[in-house]
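Participant: Sequence:
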Amino acid sequence: MARFKRFTVVSKIYNSGVIPLFYEEDVATALKIIDSCANAGIDVIEFTNRGDLAYLVFIECEKYIRTKYPHIVLGIGSVLDSETAGLYINNGASFVVSPSFDKKTAFLCNMRMIPYIPGAATMTEIQQANKYGSEIIKLFPGAQIGGASFVKDILAPVPHLSLMPTGGVLPTEGSLEEWYKSGVCCVGMGAKLIVKDFVIRNEFDTLTSHIQKTKEIAMKMLKKYSAL
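Going by my numbering, the letters in the sequence shown line up with residues -10 to 217, in that order.
Hints in this document: simulated from the structure, not taken from any laboratory.
Every residue, glycine too, gets a C-beta built ideally from N, C-alpha and C.
Below, a list of computed lysine-lysine pairs in the BS3-like style, where the Cα atoms sit at most 30 Å apart:
no.: 1; residue 1: 202; residue 2: 170
no.: 2; residue 1: -6; residue 2: 21
no.: 3; residue 1: 181; residue 2: 202
no.: 4; residue 1: 212; residue 2: 57
no.: 5; residue 1: 57; residue 2: 202
no.: 6; residue 1: 185; residue 2: 57
no.: 7; residue 1: 141; residue 2: 170
no.: 8; residue 1: 141; residue 2: 212
no.: 9; residue 1: 93; residue 2: 1
no.: 10; residue 1: 141; residue 2: 92
no.: 11; residue 1: 57; residue 2: -6
no.: 12; residue 1: 120; residue 2: -6
no.: 13; residue 1: 185; residue 2: 209
no.: 14; residue 1: 52; residue 2: 181
no.: 15; residue 1: 213; residue 2: 181
no.: 16; residue 1: 212; residue 2: 120
no.: 17; residue 1: 170; residue 2: 181
no.: 18; residue 1: 202; residue 2: 212
no.: 19; residue 1: 141; residue 2: 120
no.: 20; residue 1: 1; residue 2: 202
no.: 21; residue 1: 57; residue 2: 181
no.: 22; residue 1: 202; residue 2: 213
no.: 23; residue 1: 209; residue 2: 1
no.: 24; residue 1: 170; residue 2: 120
So the derived label-pair ranges between C-beta atoms look like this:
no.: 25; residue 1: 57; residue 2: 133; range: 36 to 46 Å
no.: 26; residue 1: 0; residue 2: 96; range: 17 to 27 Å
no.: 27; residue 1: 213; residue 2: 70; range: 31 to 41 Å
no.: 28; residue 1: 92; residue 2: 191; range: 35 to 45 Å
Generate the whole structure from the sequences, applying the supplied hints.
Facilitator: Written out as structure tokens, the structure reads:
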């Protein structure tokens, strides 16, 4: 069972600035990454379903967060079908992210009152996700489908939609300003934020500083452009 109400999760995502997403097969390392995120002020994390037995690592991460960081929302990403979504929801996932839209997953998440954030790359796909109740829609891959200019074009006729790009978002002031100025509600970041070299070298203090700096920039841009 998820620890948070659906509207609470959505609100946290809206106010998160940046959402770290990562996969790690080693439980101890995954928990260290969570520590770095927490120490950097992150309160929404996406663990991705990208390896064998990933759900077992997710379970340990969720148990750890419940005990040590109960304010942090943990969701699951890279979900392709409703069966996988159900597995993670039953083990505590507070939101579900997919690279594409799946109707059965949307039905399941709506029934369980879990936010579903499907990926979309066209206006038709975005509207389909909106039609099935997704408060936030993932633009994926963000850079390849047109970047920030694509967001501006999409939001012109439908400014009420909430879009979250993943892919092509850089941990720099220029990149984050460009995305937030275009009208996104938040951004997702993977390898550019959870830097593999820092993890391999066990440089988790450096990782924490990197995440914190990126978070601060993202929040600055969120506040700057959310009122426009």
